[in-house]
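Each residue of the sequence shown is one higher than the last, beginning at 1 in UniProt numbering.
To be clear, the hints were calculated from the coordinates, so they are not data collected in a lab. Incorrect hints may have been included.
To be verified - BS3-like, lysine-lysine: derived pairs with alpha carbons at most 27 angstroms apart:
| no. | residue 1 | residue 2 |
| --- | --- | --- |
| 1 | Lys119 | Lys26 |
| 2 | Lys28 | Lys119 |
| 3 | Lys159 | Lys50 |
Unchecked claim - Taking CB as the label site, the calculated pair distances span:
| no. | residue 1 | residue 2 | range |
| --- | --- | --- | --- |
| 4 | Gly109 | Val77 | 19 to 29 angstroms |
| 5 | Leu8 | Asp135 | 48 to 58 angstroms |
| 6 | Ser88 | Pro150 | 21 to 31 angstroms |
| 7 | Leu8 | Ser88 | 57 to 67 angstroms |
For each residue, glycine too, the CB sits at the ideal point set by N, CA and C.
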Amino acid sequence: MDRLLLTLAIAAFFVLCCWAMWRGWKRKARTQSVQVPVFADIPEDLGEPKLEDSGLYVSTTTAGNWQDRIVTRGAGVRSNATWRLYESGVAIERDGAQDFWIPAEAITGVRRSGAIAGKVMGMDGLLVLTWLAGDVPLDTGFRGDPDVYPQWIEAIHAKSEGSAS
Numbered sequence: 001m002d003r004l005l006l007t008l009a010i011a012a013f014f015v016l017c018c019w020a021m022w023r024g025w026k027r028k029a030r031t032q033s034v035q036v037p038v039f040a041d042i043p044e045d046l047g048e049p050k051l052e053d054s055g056l057y058v059s060t061t062t063a064g065n066w067q068d069r070i071v072t073r074g075a076g077v078r079s080n081a082t083w084r085l086y087e088s089g090v091a092i093e094r095d096g097a098q099d100f101w102i103p104a105e106a107i108t109g110v111r112r113s114g115a116i117a118g119k120v121m122g123m124d125g126l127l128v129l130t131w132l133a134g135d136v137p138l139d140t141g142f143r144g145d146p147d148v149y150p151q152w153i154e155a156i157h158a159k160s161e162g163s164a165s
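Please model the complete structure; the sequences and the hints are all you need to start from.
In structure tokens form, the structure reads like this:
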């Protein structure tokens, strides 16, 4: 009888912990839905992409805070994705989650990183795009083919330097 009560107590504690995590996730999403603007939809007629890579969309966080995951509107859902760089921005097409668009004028930086919420890796295995959603600076992390990261970094830097002049 003691063993049964202990088992039930542990199971109840586990269910309570899961419920509390779910409530916290929902509360965070509700709070962020006011703070973070809606991500733009991918425009039609973009032409041919300059670069394309497939891999894993890891997460979007507040810029500079690699553990502060944005969870509102499905941004916290890790999924397989394809990133495409166009003259006018970056299209992020995700499997099983909402696609979104990052306009070129919103991009403020790109870099390699070893960590973002949901993934910690050595050797700078992530490509992180820093951008503005309205006035909110965000980092979006992607795990793709590390051999093409230099092409992405060079293309985005060239685009930002070209628009600055």
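Now for the hints, and whether the structure bears them out:
1. Lys119 <-> Lys26: Holds, at roughly 21 angstroms.
2. Lys28 <-> Lys119: Status holds; Cα separation ~20 angstroms.
3. Lys159 <-> Lys50: OK: Lys159 and Lys50 at ~11 angstroms, within 27 angstroms.
4. Gly109 <-> Val77: 19 to 29 angstroms: holds (24 angstroms)
5. Leu8 <-> Asp135: 48 to 58 angstroms: holds (50 angstroms)
6. Ser88 <-> Pro150: 21 to 31 angstroms: holds (22 angstroms)
7. Leu8 <-> Ser88: 57 to 67 angstroms: Distance hint for Leu8, Ser88 holds at roughly 58 angstroms.
Figure legend: structure checked against the earlier numbered hints; every hint is met.
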